[in-house]
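Visitor: Build out the structure end to end from the sequences listed, making use of the hints.
Taken in sequence, the protein lines are chains A and B. Heads up: the first sequence begins at 1 in the numbering used here, then just goes up one per residue. Heads up: the second sequence begins at 1001 in the numbering used here, then just goes up one per residue.
Just so you know, these hints were derived from the structure itself, not from any lab. None of the hints are false.
Some residues of chain B that are not near chain A, with every Cβ distance over 10 Å (derived):
(1) Leu1013
(2) Ala1058
(3) Ser1063
(4) Leu1073
(5) Ser1143
(6) Gly1227
(7) Ser1242
(8) Leu1291
(9) Leu1298
(10) Gly1337
(11) Ala1503
(12) Ile1509
Facing chain A, according to a computed beta carbon distance under 10 Å, are these residues of chain B, among others:
(13) Ala1454
(14) Val1469
(15) Arg1472
Cβ coordinates follow ideal geometry from the N, Cα and C atoms, glycine included.
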Amino acid sequence: MDTPRRIPVRVESVRKRFGSSAALDGVTLDFPAGSLTTLLGPSGCGKTTLLRVIAGFVTPDEGRVFIADEDRTATPPWRRRIGFVFQSYALWPHMTVFDNVAYGLTLRRLPRSEIARQVERMLATVGLEGLAGRAPGHLSGGQQQRVALARALVLEPDVLLLDEPLANLDARLRAEMRRELRGLQRRVGITTVFVTHDQEEALELSDLVVVLHQGRVTQFGPPDEVWQRPASAEVAAFLGSATVIEGRASDRGDLITGAGTLPLALPPELAGKRVRVSVSARRYTILEE
Amino acid sequence: MSFRERLARDPWLVVALVLGILLFGLVLLPQLWLVRASFLEPDGATFTLQGFVRYLTARRYRSALLNSLAIGLITTALSLIVAVPLAFLHARYRLPGRDTVLTLATLSTASPPFLGAYAWILLLGWNGWLSRALREIGIPFGSIVGFGGICWVALWGAAGLVFLFAHDAFVNVDPDLEEAAQSTGASRLRAHWHIALPLAAPGILTAAYLTMMGVLADFGTPRIVGGPVEALPVLLYHEFLSESGQNPTMASAGSLLIVGLSTALLMLQRLVLAGRSYAVSGTRRPERLPLSAGARALALAATAAFFLLTFTPHLVILGSSFTTWRADIPSLPLTLGNYEVLFTRSLRPVFTSYALSAGATLLAVLVGTLLAYVSVRRSYRLLSPGLSALATFPYLIPGTVLAIGLIVAFNREPLRLTGTWMILLLAYLIRKLPYATKAAEAALYQVHPSLEEAAQSVGATPGRALRDVTARLILPGLVTGGTLTFLMTLTELSATLMLYGAATTTMSIVIFKAALGVGGQFGLAASTAVAMMVSVYVPLFLVRRRYTRLAVAA
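Guide: Below is the structure:
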């Protein structure tokens, strides 16, 4: 953890069908080493399935998953060196905080003193000193969240996968945890994939945002770019930050609509064409010519 | 992916396949043998439909069928009339001792029907204490034996269960709904009648269904109390085992009829309850309303009478175990001699019961847990629902029918099991498998699948994750389910009676023989019956809170 290992993750042409519906329909993405990428989209868009494909809980029908440039598509989750934080935290209720965090280390047959040392250090990192002996049921939501993080990070996994980890927290705690998570991820330098349906969360947290719609990637880029230049009407509508207006571009670059004329400075080559334009508070984006 | 590859990747598929073969052989195959036998003349070669036709035309068969139906309907109706109003009073009005009342009702459901029949005969049979006492003071009371007697005994055997279910249903009706009715001008009684009762109906109907099923399948009560009145399970027993008129065709056809009736009842219950399961469990529990002093006294008197009658068998058996028996009549002086006989010379049936029940329980919990895991956590397109159906099917098979099926299926080489302890073990395993599976399913539903995945994400193999997480978390549920399975097995009579041998005489057989007035060991039977009740009630009392939830959830 002291010298961050920077490990890239790549998924290539991943397809997955559940029954007759396609959950993932040919997804190719590069998650740069050390980055935090958010998978964003409405429920049912395939974002959780993609996360579970990277983790190995779901075997794709087609396509491959590379971690550290190594094809791990056929590697089962328990040998894939992933850290996973579940929406419900999935802390084991019959074990103490210490035992929850220590479990993975025990499986690696480390000496007891070494396990204790690493767990204590990890609990300190997430700010849970002194709670090692508690049962998870006696912790607050935020504290449970930290235990789940500690349990994943203590094993120094190649990639950290988070499935809507902040969804069960109240608004204030959520903002706080968001900042903390971001800080921790930077310090550790671990490649992180984060599933959410909360735009604000994605904007604030991520280096990169993937917008998924019906199992396809509709946009992939830095948050600013995604917000300011939504790639399609769906992205714009999902982000909710923009209004889509249809009309005809005039010679002077204005947009002539049924309700009036908007002075927009559209590029001259669009003059006379019908266009759909996404207008946000700060700027506008041409969606279709 | 080829089937071979899938097998290699997913060990649970192997488990599911093995379970499928096991259940097919143990549960379905014997029933298929019965189907075959029911269409063949007793010579085993000629095709016939007479087996079924005679249940509609021949007097003895038809009346057994009608008796069973009538006893079922009358008992169910009576138990609703007796238990539902009382349950309503305790659920909605301020009456003292609710915890005691609920504990008593819970405990009453664990008593096997034949024990009740035995006790009521001691009390109201030809030579019963009460019968003779009545005759002595000049009331010409003969005996309870006959159609009415069966209904009477079955009624007090079932009333506790109906009380529990109805109480639970009434407590779960959101009080806002009734208050809303009152706010539109309905009187309190009208609100009870129009709102609380319909909303509680699904729970009450479930209790009625369980009562009807129990009464239809019961062999002990009609055999002990029925006298000349034959119910279907009793007729099957005679048709199959009697020295003179053995008729496998009629026994098989009757078996199928009774399984068909149970299945039809199940369908009916599902049909009636479909779309009726209101989500009535609001956040608030009903406030219990005050009662006037007179009404309160009346309600308490009714409660006392209800539980006195429900527990009459227990009191009678306990009392009679301390009496000196002259032939089949318990007399003074009081003595501990019956227990002396039990503990010095006749503990073997107790041991046999314990050993068989413990073995069958361990097997049932093991198989049931594997079945539950496959049905809750795996979604094999054919295997999961198929296994689930096979595991619940024995619930529809009365013990008598199950035993006939096993005898027909396992009395030939290479599997000649008849007369051995193994066939009893099998019968117990199959009979209680639905309960063990249900208990394991309920426990598994409480454990979120992500707990197991979390273990895998930190490096645990699936087997390790199952052992360290899921198995540890469902263990308490399995212990409770196993305890109840053990108790139910310990009191099994109908299948035991057809399958036991001299070396495998159980407690239930000792008691049953005395109840029929044969065998001559009346004092021993009384002390054995007490031993059985203690064996049932001590563990049940310990797990009673979980039990109530489990019983209501089933």
